[in-house]
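Throw the hints in and build the complete structure from the sequences for me.
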Amino acid sequence: VIKLLDHHPTLSTFVFVLMAFGFLPGFMLRIILLAAYRPDDPRRHELLGELYAMSRLARPLWVAQQCETALFEGRLADLVSSALRRRTRERKSVDLGRLTFLVVLRWIVVKLGAAFVFGTATILVLALIRSQANNVAGTILVYVALTAVTITLGILEGLLKANSPPSQQPVQRLTERSRSAASFVPRRTVERRRGGD
Amino acid sequence: VRKTQATVQVALALMADPQGQHWGYQLSKTSGLRSGVLYPIVHRMLDEGWLADGWEPSRSGRPPRRYYEITTDGLRELGALLARAENDVRFSALRRRFA
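Those protein sequences? They're chains H and D, same order as listed. So the first sequence is residues 1 to 197, counted in the working numbering. So the second sequence is residues 1 to 99, counted in the working numbering.
Calculated directly from the structure, the hints in this document are not laboratory data. One should not assume that every hint holds.
Listed next, with one range per pair, are the computed distances between beta-carbon atoms [to be verified]: (1) Val80(H) <-> Gly32(D): 51 to 61 angstroms; (2) Ala58(H) <-> Ala6(D): 15 to 25 angstroms; (3) Thr4(D) <-> Arg30(H): 28 to 38 angstroms; (4) Pro63(D) <-> Leu96(H): 54 to 64 angstroms; (5) Ala83(D) <-> Ser12(H): 49 to 59 angstroms; (6) Asp78(H) <-> Leu94(D): 27 to 37 angstroms; (7) Leu61(H) <-> Ala6(D): 13 to 23 angstroms; (8) Arg89(H) <-> Gly20(D): 48 to 58 angstroms.
Built from N, CA and C at the ideal position, the CB exists for glycine as well.
Now the structure itself:
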């Protein structure tokens, strides 16, 4: 046994097995139960009882399954759903000015990122083509100009999108459709009318 | 209790031994359901009075397990549920287990 323990990979495997099948399942399950279920929830004791009744081999996977269950049930799920509800309420109460500002800000960030990527790519391409030290200033100038153009375009695009109500077009299309539907007369009715006349 | 695939699977697992005691992990293995699906169904059945629960006496320092038993109402309801499910096309995949 001592010889086996002296062998480094065997020792690490031994510790791993000890942790994975001995210590960690019980430890992790207790943490999950404390975090996810209320003290009066019978599942706190029930799951712990089930853990020690099953074989050691099945324990790690079963505990991982409980982790997943706890995320969608119990206290953690309550916390997540209440946080989401709060976020939705905040979104509904946001005013138009703040919304416009956020849209513009998002566009600036997106375009800055695009400009950075585009500019870096341009620098790399130019540096590869020319491979001369004295052209570095010109390359940087191109980079700055491209960045400025992209940012300006982004800001303009963001402003245009923020100022136009997004739901206008579909509503108009829907109104046109409903109008045409209201004025629709089946062919049989038309023929009958003609026949009557 | 809604008649779903999972409910029918739990009912089948419970009715495999109608007089005996059932444990969560054993039910999960017999029905082939994850505990996240199994426990809500079992709790609904408990609320409906189809099942009764209890705790086994703790032995050798091990925490006690919770067991479930089918009540008289549960026996009738689960039987009816399985009888309906047997003729339902939705549960044709479980047909072999009905036999």
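Evaluated hints:
no. : hint                                      : in the structure
1   : Val80(H) <-> Gly32(D): 51 to 61 angstroms : violated, 28 angstroms
2   : Ala58(H) <-> Ala6(D): 15 to 25 angstroms  : holds, 21 angstroms
3   : Thr4(D) <-> Arg30(H): 28 to 38 angstroms  : holds, 32 angstroms
4   : Pro63(D) <-> Leu96(H): 54 to 64 angstroms : holds, 58 angstroms
5   : Ala83(D) <-> Ser12(H): 49 to 59 angstroms : holds, 57 angstroms
6   : Asp78(H) <-> Leu94(D): 27 to 37 angstroms : holds, 34 angstroms
7   : Leu61(H) <-> Ala6(D): 13 to 23 angstroms  : holds, 20 angstroms
8   : Arg89(H) <-> Gly20(D): 48 to 58 angstroms : holds, 50 angstroms
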